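Heads up: the sequence lines are chains A and B, in that order. Residue 201, in our numbering, is where the first sequence stops; the numbers in between run on with no holes. Residue 132, in our numbering, is where the second sequence stops; the numbers in between run on with no holes.
Just so you know, the hints here were simulated from the structure itself, not pulled from any lab data. The structure presented is a predicted model; accordingly, all values stated were derived computationally and were not measured. Among these hints, one or two may not hold up.
[To be verified] Below 30 Å or equal to it, Euclidean Cα-Cα: the simulated DSS-like pairs (lysine-lysine) are:
id, chain 1, residue 1, chain 2, residue 2
1, B, K58, A, K99
2, B, K58, B, K73
3, B, K79, B, K92
4, B, K73, B, K91
5, B, K91, B, K79
6, B, K81, A, K147
7, B, K58, B, K81
8, A, K147, B, K92
9, B, K91, B, K81
10, A, K160, A, K147
11, B, K92, B, K78
12, A, K173, A, K147
13, B, K78, A, K161
14, B, K81, B, K92
15, A, K147, B, K58
What follows is each chain in one-letter form.
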Amino acid sequence: DGGITQSPKYLFRKEGQNVTLSCEQNLNHDAMYWYRQDPGQGLRLIYYSQIVNDFQKGDIAEGYSVSREKKESFPLTVTSAQKNPTAFYLCASSGAGFGYTFGSGTRLTVV
Amino acid sequence: GQQVMQIPQYQHVQEGEDFTTYCNSSTTLSNIQWYKQRPGGHPVFLIQLVKSGEVKKQKRLTFQFGEAKKNSSLHITATQTTDVGTYFCAQNNAGNMLTFGGGTRLMVKP
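Construct the entire structure; sequences and hints are all you get.
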C-alpha cells in the first residue's frame with residue numbers, strides 16, 4: 091500500500107544535540123512538507139520541497155534543516171539552534187492539486 | 023501571509039446533537055480543504071472545495087464553500103463518539119501550498 095512513513099515515532103533529544111527525523115513516501119508525489127504542531131495548536135510549516143534537489147523555507151524554518159536528494163525522502167534535522175524543539179512533527183506529501191497525505195508523526199521531547 | 027480564521031476553538035456536544043465549524047478569510051480563496059485529526063493521530067484529508075457556493079456531502083458531513091469564496095463550513099449531523107477530533111480547514115495558496123486554520127476541537131459526550 092502507498093503511504094508515508096515517519097520514524098521514529100518517539101524521539102528524545104539532549105540539550106545541544108542535533109537529531110534527524112525520517113520521512114519516506116512511496117506515493118510518487120513530487121511535493122513534500124514538514125509541519126510542527128504544538129499541543130492544542132494548529133500546524134505551522136517548517137520547510138517544503140516541490141521537486142528533488144530543491145526546497146524552500148516555511149514560516150518557522152529557524153533551527154531546522156532539510157535535504158531532498160531523492161524523490162521518496164525528505165529528512166528533517168532539528169539542530170541545537172532550535173531552542174524549543176519539543177513538539178509533534180508531521181511530514182506530508184501531495185500530488186498536484188490534491189489533498190495532503192500525512193505520516194503518523196514523530197513526537198520529539200527535549201530531556 | 024493570508025490566514026484563515028476558524029471558529030469555534032472548542033465545542034462540546036451531546037451525542038446526537040449537530041456540530042458546525044466555520045472558516046473565514048478576509049481575501050478570496052482559490053479553494054479550501056478540510057482535514058480531521060483524531061486525538062493522538064495525524065491529519066487526514068476529507069475534501070476539497072473549489073467552486074463558489076459549492077456544497078458536498080459525505081454521509082453525515084456537509085461541506086459548504088461561500089458564494090464569495092471567503093468562507094467555508096463543515097456541518098456534522100447527529101454527532102457520534104467517532105466524530106471526536108480536531109477539524110482543520112486549510113487555504114490553498116499558489117503551488118498547492120496550504121495554510122491551516124487553528125482548528126476546532128470537537129468533544130462528544132456519550
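Hint by hint, work out which the structure violates, then give me just those numbers in ascending order.
6, 13
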